[in-house]
Each structure stands twice: as structure tokens, then as C-alpha cells.
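J.: Sequence:
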Amino acid sequence: MKYTRANLKKLEELCSHLGYKVRYEQGHFQSGYCRVESRKILVVNKFFDVEGRVNCLIDLIPELPTDEKALEEGQLKFYKQVIRIEKEKIPELLES
Numbered sequence: 001m002k003y004t005r006a007n008l009k010k011l012e013e014l015c016s017h018l019g020y021k022v023r024y025e026q027g028h029f030q031s032g033y034c035r036v037e038s039r040k041i042l043v044v045n046k047f048f049d050v051e052g053r054v055n056c057l058i059d060l061i062p063e064l065p066t067d068e069k070a071l072e073e074g075q076l077k078f079y080k081q082v083i084r085i086e087k088e089k090i091p092e093l094l095e096s
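Here our numbering is used: position 22 in the sequence shown is 22, and no number is missing along the way.
Since the hints were derived computationally from the structure, they do not count as laboratory data. Be aware that a few hints might be false.
List time: in silico EDC-like cross-link candidates among lysine to aspartate or glutamate, alpha-carbon distance up to 20 Å [claimed, not checked]:
1. K2 to D67
2. K2 to E88
3. K9 to E37
4. K2 to E13
5. K80 to E13
6. K2 to E86
7. K80 to E63
8. K40 to E51
9. K80 to D59
10. K77 to E88
11. K21 to E72
12. K80 to E25
13. K2 to E37
14. K2 to D49
15. K9 to D49
16. K10 to E63
17. K40 to D67
18. K40 to E25
19. K46 to D59
20. K40 to E12
21. K40 to E73
22. K87 to E68
23. K9 to D59
24. K2 to E12
Derived Cβ-Cβ restraints for the label pairs, each shown as a range [to be verified]:
25. A6 to Q26: 20 to 26 Å
26. H28 to A6: 28 to 34 Å
27. K46 to G74: 26 to 32 Å
28. S38 to R84: 28 to 34 Å
29. K77 to E25: 27 to 33 Å
All residues carry an ideal CB built from backbone N, CA and C; glycine is no exception.
Modelling step: build the complete structure from the supplied sequences, incorporating the hints.
T.: Rendered as C-alpha cells:
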């Protein structure tokens, strides 16, 4: 996947369809997802460039509880592409 604003927007829209709001905040923290007062929020460091933001969302999306039946066909295809990208990263990490 290319690190473009268009792909970042697609990832943000996918998160929205999964029920999560993406927020870009500053601070010294590890990006991740959480529930705040029953709201589903993904927090990403606002100082990350587009590549960092895309990688962060690609890392987080597979961890989210997902009802694939609730996604439209195009969103489901994109979701599966994100899952595949994340799975391809795992062997690279084990080899390091």
C-alpha cells in the first residue's frame, strides 16, 4: 500500500465504519485504541507524517473487534487488504 493522503483517508473511513473515531493528538504516548466513556477512539500521534499515520492505522485495525457482515463490499475488500498487509509484516519481524 502506498503512503498517500488518499489511502490515509480510506483507512480513516474504514475505522469510522468499524465504529471508531480517529483522533490525532500530541504527547509522549504509544498510539493505540481505547474506550473513553463508552466511545471507541483510535489515538494517533499528530506529529507522525503520512507514512507513520498509515502504518499506525494498519497496525491497529486488525486488533479491532470487527463484524465483517456490517461492512459494504468495497470496505470489506479494503479491510481484508489491510489484514493481509499486517500478516505479511509478522514474518519480517520474526526474522529480525
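J.: Next step is simple, just say for each hint if it's right about the structure.
T.: Results for each hint:
no.	hint	result
1	K2 to D67	violated (26 Å)
2	K2 to E88	holds (15 Å)
3	K9 to E37	violated (26 Å)
4	K2 to E13	holds (17 Å)
5	K80 to E13	holds (15 Å)
6	K2 to E86	holds (14 Å)
7	K80 to E63	holds (13 Å)
8	K40 to E51	violated (23 Å)
9	K80 to D59	holds (13 Å)
10	K77 to E88	holds (17 Å)
11	K21 to E72	holds (18 Å)
12	K80 to E25	violated (27 Å)
13	K2 to E37	violated (35 Å)
14	K2 to D49	holds (13 Å)
15	K9 to D49	holds (14 Å)
16	K10 to E63	holds (18 Å)
17	K40 to D67	holds (15 Å)
18	K40 to E25	holds (15 Å)
19	K46 to D59	holds (16 Å)
20	K40 to E12	holds (13 Å)
21	K40 to E73	violated (23 Å)
22	K87 to E68	holds (18 Å)
23	K9 to D59	holds (16 Å)
24	K2 to E12	holds (15 Å)
25	A6 to Q26: 20 to 26 Å	holds (24 Å)
26	H28 to A6: 28 to 34 Å	holds (30 Å)
27	K46 to G74: 26 to 32 Å	holds (28 Å)
28	S38 to R84: 28 to 34 Å	holds (31 Å)
29	K77 to E25: 27 to 33 Å	holds (30 Å)
Taken one by one, the earlier hints fail for this structure at numbers 1, 3, 8, 12, 13 and 21, listed in ascending order.
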